[in-house]
Amino acid sequence: MALQSLDILRRSATPTATPQARTPVEVAKLIDVSTCIGCKACQVACSEWNDIREEVGSCVGVYDNPVDLTAQAWTVMRFAETEENGKLEWLIRKDGCMHCADPGCLKACPSPGAIIQYKNGIVDFHQENCIGCGYCVAGCPFNVPRLSPADNKAYKCSLCSDRVAVGQEPACVKTCPTGAIQFGSKEDMKEVASVRIADLKNRGYQNAGLYDPEGVGGTHVMYVLHHADKPELYSNLPKDPAISATVSLWKGLLKPLATLGIAAAGLFGFFHYITVGPNRPDEDHEETRK
Amino acid sequence: MDHHHHAAAGVSVSRRQFFKISAAGMSATSLAVMGMAPSTAQAEVRQYKLSRATEVRNTCTYCSVGCGLLMYSLGDGAKNAKQEIIHIEGDPDHPVSRGSLCPKGAGLLDFVHSPGRLKYPEVREAGSDQWKRISWHEAVERIAKHMKADRDANFIDKNADGVPVNRWLSTGMLTASASSNETGILTQKFMRSLGIIATDAQARVCHGPTVAALASTFGRGAMTNSWVDIKNADFILVMGGNAAEAHPVGFKWAIEAKKQRGAKLIVVDPRFNRTAAVADQYVPIRAGSDIVFLGGIINWLIANDKIHWDYVKAYTNASLIVKEEYGFDEGLFSGFDAEKSKYDRASWNYELDANGAAKRDPSLEHPRCVWNLMKAHFARYTPELVSSLTGSPKEGFLAVCQHLGETAAPNKVGTILYALGWTQHTVGAQNIRTMAMIQLLLGNIGMPGGGVNALRGHSNIQGLSDLGLLSTSLPGYLTLPNETQHPTLADYLAKNTPKTLLDGQFNYWSNTPKFFVSLMKWFWGDKATADNNWGYDWLPKWDKLYDVLHMVELMHQGKMNGFIVQGFNPLASFPDANKVREAFSKLKYMVVIDPITTETSSFWQNHGESNPADPAKIQTEVFRLPSTCFAEEDGSIVNSSRWLQWHFKGADAPGEAKSDQEIIGELFVALRELYKKDAGKGAEPILNLSWPYRDPKNPTPEELAKEMNGRALADLFDPKDPTKQLAKKGEQLPGFALLRDDGSTMSACWIFSGCWTQAGNQMSRRDNTDVGLGNTPGWAWAWPANRRILYNRASCTPEGKPWDPSRKLIAWNGEKWAGIDVPDFKADAGPDTGMNPFIMNPEGVGRLFAVDKLADGPFPEHYEPMESPIGTNPLHPKVVSSPAVRIFKGDRERLGTHKEFPYVGTTYRLTEHFQFWTKSVRLNAIAQPEQFVEISEQLAKEKGIAQGDWVKVSSKRGFIKAKAVVTKRMKPLAINQQTVHQIGIPLHWGWEGVAKKGFLTNVLPPFVGDCNTQTPEYKSFLVNIEKA
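Sequences listed follow chains A and B, in order. According to UniProt numbering, the first sequence holds residues 1 to 290 in order. According to UniProt numbering, the second sequence holds residues 1 to 1028 in order.
Everything labelled a hint here was simulated from the structure, so no lab data went into it. Keep in mind that a hint or two might mislead.
Unchecked claim - Listed next, the in silico BS3-like pairs over lysine-lysine satisfying Cα-Cα at most 27 Å (straight line):
hint, chain 1, residue 1, chain 2, residue 2
1, B, K342, B, K801
2, B, K527, B, K394
3, B, K941, A, K87
4, B, K889, B, K956
5, B, K342, A, K87
6, B, K259, A, K190
7, B, K720, B, K514
8, A, K119, A, K87
9, B, K677, B, K527
10, B, K588, B, K676
11, B, K649, B, K49
12, B, K359, B, K495
13, A, K190, B, K264
14, B, K375, B, K323
15, A, K87, B, K514
16, A, K230, A, K201
17, A, K201, B, K968
18, B, K495, A, K230
19, A, K87, B, K968
20, A, K87, B, K943
21, B, K264, A, K201
22, B, K968, A, K239
23, B, K941, B, K1027
24, B, K943, A, K230
All of these numbers come straight from a predicted model, not from anything done at the bench.
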């Protein structure tokens, strides 16, 4: 594994075992929604560090810009106005990849090495191996990955794996003005969260809690929520996220059988690849537009 | 959005695609099965892009938090490598920012590389509709010729009384609050030698009222505490500002107070903003009614005995007795002259005894002692009145009272974070005064975690204020001489050197002659001698205040010909932009010095409804000169807590751009040559100006910084011990204590003395050791004398012990004052001397009664905005708005009424924006791309406006079109038994830049300012709204 810069836990569509001897620390990003001012510094720092720039959009009547995640916008702030207990609240959630312990995207991905889960918890996309099938999009319980119209490859937050690999925190974490985003070992982040939750309970938020959903094996991006009992208040954060049944079925049961059974079809695909080159569904996309 | 749909559902791809991608997926799976995968499954993260980039330290150029930057550029400094900044992130060593940057700071890379950066000098010829590239040589020659011709024609050397006044009124200049101190001080020298007094920096449209209010109360006009110190507060009030959005990284320390101390945070604001999103409580208020709310707090504190009595009795003027002639009746203070709309302030003062000391009654029983006058004045501000005039729910108002009231205890401290929500009113200074009084009553001034914290705007607006870049100021809060008050040096010194008003006070302004003569030695060098009164006659003497509104009015009347605009965008920044455009159109020449394109420089362009100009009819010659930005220069800037921080250049500027210092240097040298060759009018101050720079066309930041600090011009000896040498001739001074009034010292800005001593540049110090309470005295350098919390003597009892042992800043140790901060006091004046903590005030105490320092009253009083939604003032219906307002005739006619324009408009900045620059910054344009206004659901329903609709917002003066953000965060208020809707109008739009083109919001506000400082009333005016 000459090119390995973080220890790999698993790779998409690759049954080959990964080295297991080393046990690096498991990291996590903690987003404390109760101290987030929605300033979008994290959005800007993310785009700056990762050399991506979304198009300049328009105002659609809310503060959300860009209005959604894209291949050029890996994190966006989602603003929700709600009246809880007779009090107006402006709940602002930084949306982006949750870096699930059990990543639906990776499970769904058919392309070897396009999605990598590192042992520290980071789930990273390797666009050079991405075939643009979009399975990761369907496989994600949080609706995070986005295909780029420019190269038809999937993109999302890398948790700044390049920074973490050299011992730095992600760009969004470093820049966060109020310390609403923190980074460290997952264990430490849970500790930080518990202190915040105690403070919120003192201030009358009886249902304050940590969002680290079990349905995806826990996440390496966690939220402190004032209303942990109602995550959907936060621009529809899923209450019980889980990998869709189709993906689980495909990967869990059918795949070993299927891979044997359809090896011939696979071989066709292989020769298609080496003789014609990779598929370019965006060309098809153009065609369908015409 | 098309690709989202494509992406978001693997199911929506065409059948053909599905087949192909399925096949590919299978092929991959099968490849793995066949053991061929590993070569494609190798994985490596993206390579770290900064490994050998060059790292340079800088300071963020946007707001006054002054966050530390790390700038990374390509190349290792080799001559053959051209440096290019490739990344900017926060400096983790910086004690305030600790690595953080807000969305503006985080996007600085796109500012440095903005497509709007100017690369070479250009001119727009009279009547032309385009820019033309010219050489620097041509630009400088043509500008210098314009200036000399105008100056020769209009220079006034003597007034009617024969007083030398040396002023040039027909050309104005704006200076840049994002430029360095070194640029600022050089510009000060340049302008005053020419006689320019029609000049202002952004402070005029920003925190002018802060200086007036805080200086008149405490003695100095600056933020009292520091950013990190906010973490020491038990209670934080954010009112008249929006700290989370405007100063996100400074606000970090408010969040720390919440997290670490359990502090409570309450926001009082016309809209539920992003500060409110993280507050414990939000209280709505009608824009322009703050004095009612704050006056109500004073009344409540007195009525409920939530007063820090020991503090108030010892450290305020509560016990001082006011003249018998003083009075307040039906909305007017004594001494009002209705014809002039001005007060004669003679009665607003203390009653003096035979020795000239103020009389006092420590028992506070005298009916005319300040305490009793104050109590009577605010008794009218009942909770019911507060609720009726502000629209704030009574329980919200009382919650603020109770939380503040708790901090009257010596071991509880509260702070206030405010900004332009208080300054930009006709009663701006008085808004702040009211809060300053509250903090005195609670004993929160001088305390860690307390203070009145004015969160300044631009990165160096504090510095430009300190350097006196305002019409009637000089560096170090010295005043520019006035033609009638100060015709001679003797008059000037006599009137600006106060006598103590109570025995034993430090009265630091008694040193005025030392500061002033040292300043004159900087201006005129060897030409300033005792015989010529240190060159006093060469200074311009002012007759009137030529603030920005006055300047534009004169332009509008055709009385000004030239305008030099350095890093300022007045067309977008000044109120009544339509009037401003008309005014600029009458100029003969305009010179814009800026790193980026601005609406001001292209005011002559036609942009349809948003700028209906006809270039062919505009004869103004406009020069546009490209300047460096922060990343391309060395220098210092002053943050809000008075820290002078030095920054370093990371790369060359694009194209032919030059530093402001070089541009000013070239212009000055060209002008001086013209005056040498062809002596025009008023040549003396130009030819006698000290210009000792190694390259006269390009003075360096180091040369200028050393001049700000000052040096000995002769060997200096201790006056008490003539054998003791304090400094050798030519040495940098250690601080202002060594300044002399005999011409043996020079200093361009006395309060900065200590910034560059014999020990070197103190502003670039980087020791971030926390010596306690978050204080980092080894980081950079703070004026005055590296004191970090002003008035810190007041953190101790009169006996010299800390009020709160857990907040010990300094204490009397039997011999001197010592502790973790530099005492803001005479170090060896013990408690028994009776010296009081407010050393800049001649009475030594904080002023609840502001005596004659302000134009509109010694106590704050509520007056309605010039455009009032209720059209009356229930406190005194005969005096609705402030009687001391200055308004030009034509502008009064441009005021609207609530019948025509029923809604309250209030303008503000969004956190993604900084002034009009971030329009040119792609990363920020992405985050906030298009102009909008915020309205309540109720108003939207009434007007048939839906989320995201286009709306037209109009005032008596003009209109804008924008998208509608319909929100629960704006609510209608019940004011004086009627419903008042407020409309929130974010500010920073225009036609230049990469964001969606928008209207100049400032076509809406009225052309009228704060009574004391003329800071425009942007925060409360009347508008109408309709679906566009």
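**Study point:** Restraint status (C-alpha distance of K259(B) to K190(A) at most 27 Å)
**Key:** Measuring from Cα to Cα gives roughly 16 Å; hence the hint holds.
Review point. Are the Cα atoms of K588(B) and K676(B) separated by 27 Å or less?
Key: holds (25 Å)
Review point. Is the Cα-Cα distance between K230(A) and K201(A) 27 Å or less?
Key: At roughly 15 Å apart (the allowed maximum being 27 Å), K201(A) and K230(A) satisfy the hint.
**Study point:** K649(B) paired with K49(B) [C-alpha distance capped at 27 Å]
**Key:** Judged against 27 Å, a Cα distance of about 21 Å means the pair holds.
Practice item. Please work out if K375(B) and K323(B) have their alpha carbons no farther apart than 27 Å. Key: With a Cα-Cα distance of about 17 Å, the restraint between K375(B) and K323(B) holds, given a limit of 27 Å.
Review point. Is K495(B) close enough to K230(A), meaning Cα to Cα at most 27 Å?
Key: It is violated: about 67 Å lies between the C-alpha atoms, which goes past 27 Å.
Review point. CA of K527(B) to CA of K394(B), is that 27 Å or under?
Key: violated (65 Å)
Check your understanding: When you check the alpha-carbon spacing of K968(B) and K239(A), does it fall within 27 Å?
Key -> Between K968(B) and K239(A) the Cα gap is close to 25 Å, so the pair holds against 27 Å.
Point to revise | Distance restraint between K359(B) and K495(B), which requires alpha-carbon spacing of 27 Å or less | key: holds (22 Å)
Check your understanding: Quick one, are K201(A) and K968(B) close enough, alpha carbons at most 27 Å?
Key -> holds (25 Å)
Exercise for review: Decide if the proposed pair is consistent with the structure: K264(B) and K201(A), CA atoms, cutoff 27 Å inclusive.
Suggested key: holds (14 Å)
Review point. When you check the alpha-carbon spacing of K119(A) and K87(A), does it fall within 27 Å?
Key: violated (43 Å)
When each numbered hint is compared with the structure, violations occur for hints 1, 2, 5, 8, 15, 18, 24.
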